[in-house]
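**Student:** Let chain A serve as the given structure and place chain B on it in line with the hints.
Single-letter residue listing:
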Amino acid sequence: MAHNRGSGRGGRNRGPNRGHGSKKQQGSGSNAAIIQQVLPSLFNHADGFLDLSNLRTKFSGSNPTDRTFVMNLTRAICDQYRNVVSISLEGNNIRTLEPWRDLCQLPMLQNISLNNNDIRSLGELQHLSKAPQVTNLLIQRNPIEPKLSLEEIMAYVSHKMTSVRTVEGQPLPPGRLNLAPGLVHKIEHKSTAASGSMNRMNNASVTAFVRTFLTAYDARNSTLASMYHEFVHFSLSTMPTLPAPASSRHAMKGASKDSHASPQARATWQAYQSPVVNHGTTNAAMGPDEALRVGRQPVLELIGQLPRSQFAGESLQVEVVLRTVSGRGPTQQKPNLVTVLVEGKYLEQPKTSMGVTRMFSRTLVLAQTASSGQFMVTNDMLRLGEYQPKVTRELARQMTEAKAAPSTANPFVTQPQPAMEEIVRQLKTATGMRTVHCRELLEASKWDVGLTSANLEEFKRTQGGKIPDHMLGPD
Amino acid sequence: MDELNQVATAFVKYYYEKFDTNRSDLLSLYQPDAMLTFSGDRAQGPEAIMKKLNSLSFRKIAHDIAGLNIQVQPTFNNGMLVVVSGQLIADDDSDHPLMFSQVFTLNNANGQWFILNDVFNLSFV
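From first to last, the protein sequence lines are chains A and B. FYI, in this note's numbering the residues of the first sequence are 17 to 491. FYI, in this note's numbering the residues of the second sequence are -3 to 121.
Next up, chain A with everything else stripped away, as it sits in the complex (with noise of 0.2 Å):
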């Protein structure tokens, strides 16, 4: 089989950007160029061979699974390499196969390779259903969950990719197999419940507990109480702003323990500021904008003071930091714990017209019972934000990377920098603003974010709760 071949094969790693040596291309990995640049080496023209495994090798500093990076890749090959007839994509940590169905395209691909990849589900082949010709399947080497049989893997594969004829390299029984319903069932929706093995604490199960959490938080009501442990610890503080990207220096020194959240962050906290920890010890260490609770009742008090807010919104980003393990294995004494960050904007005092938007980002400490297998929240650490245009850890990622890529502006024309540019387009997309008032807005705050914010709320203010519509604009 084609895609068996590997490297052997002369003439395909001779591509001029082999990344190897010093010329790194730095998490450009999506950018077309690249692409153009690496694809022809990794296509053989003799028998058709698409060569993607290991893509991070290929692309130096790309991550073959950044959506957008595949995009533009299939994107690619489905204009330029229209007769590709094998491909290999393995050794790309690939969990699901949604970015790269656009090769489905591909009237002559009959051999995919999916091995050694991080496929948990066989139902992600559902991606790959409509590919026309395919039919030589590869797929071990793969954590797909549950466990199935060749047969059961066969049945599947043959409803779902019909052209389909052999499957890790054997060919499917003749006549049509017969594929149990409860089969399928078994296959793409995976079960959620926790109960029975402790071990395998499931993301979604996780994940559906703490938005429980979170909406009965917002409610303030009994079940919160009931999802709180009794020695919880529960802490809350504020973060001081983003520094502005022009003022630099001043920016790095003030940013100690003391530096100030803005004079609306310090208006929420008229109401409970006694950094107070339970049992009378004071923690000196606390400074004015920070507490701390112990105990489920001091812990539900001290919420209770708190302003309303909505945390449980779609903007949600939970990210479940699997298997923090307690010693050796789960026992009655010792429950087994999980760690959850959840990062998300919240709105503070809704419906009233007071209502503001903030970021926050909360870690929490789940501790499962092994009797009944549910969640208790063992420690909550909450932190309160200013309010942001929708920055993300996507965009955070871009704009390191966009720093770290070498420079090749004129150095007699001012560029400005790419950061501004995306917190320009970011506002934007948050507001509906045409692009020219944004820039007015983020200049006359001199870039601090947290002011313009603050600045765009005001100014609403004065015009009747909105933005006026001849601000508003696709430009």
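Do not take every clue at face value.
[Unchecked claim] Which chain B residues face chain A? A few, computed with CB under 8 Å, are given here:
| hint | residue |
| --- | --- |
| 1 | I61 |
| 2 | T71 |
| 3 | V99 |
| 4 | T101 |
| 5 | N113 |
| 6 | F116 |
Since the hints were derived computationally from the structure, they do not count as laboratory data. Backbone N, C-alpha and C define an ideal beta-carbon position, used for all residues, glycine too.
**Tutor:** Coordinates of chain B only, in the frame set by chain A:
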């Protein structure tokens, strides 16, 4: 709680000092079953973790150690949850300090603290 704060603060400062000046010293701080998530990329085990930390796209990193915001809570398994946020300067680009947040879960063995989980993200909160 004060003592916990002190221990955590000392640990975190040591961690960043080593990170900035002699990163391979960090190897001994990670438990054998430690896990790192660095801006979404995962690594398990001290060797894999060091490989990841030694292959970042920035050549030089300087954390603002004096300006760190460190929060600590004890956890049920007699460990610590430490949440750090602060600024760092990458490749001496002091005009554009980056904010980061890092979460550690630490465990104690024989009087020494080790890292079980390490989650790093550039952040804006």
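**Student:** Are there hints from earlier that the structure breaks, and if so, what are their numbers?
**Tutor:** 1, 6
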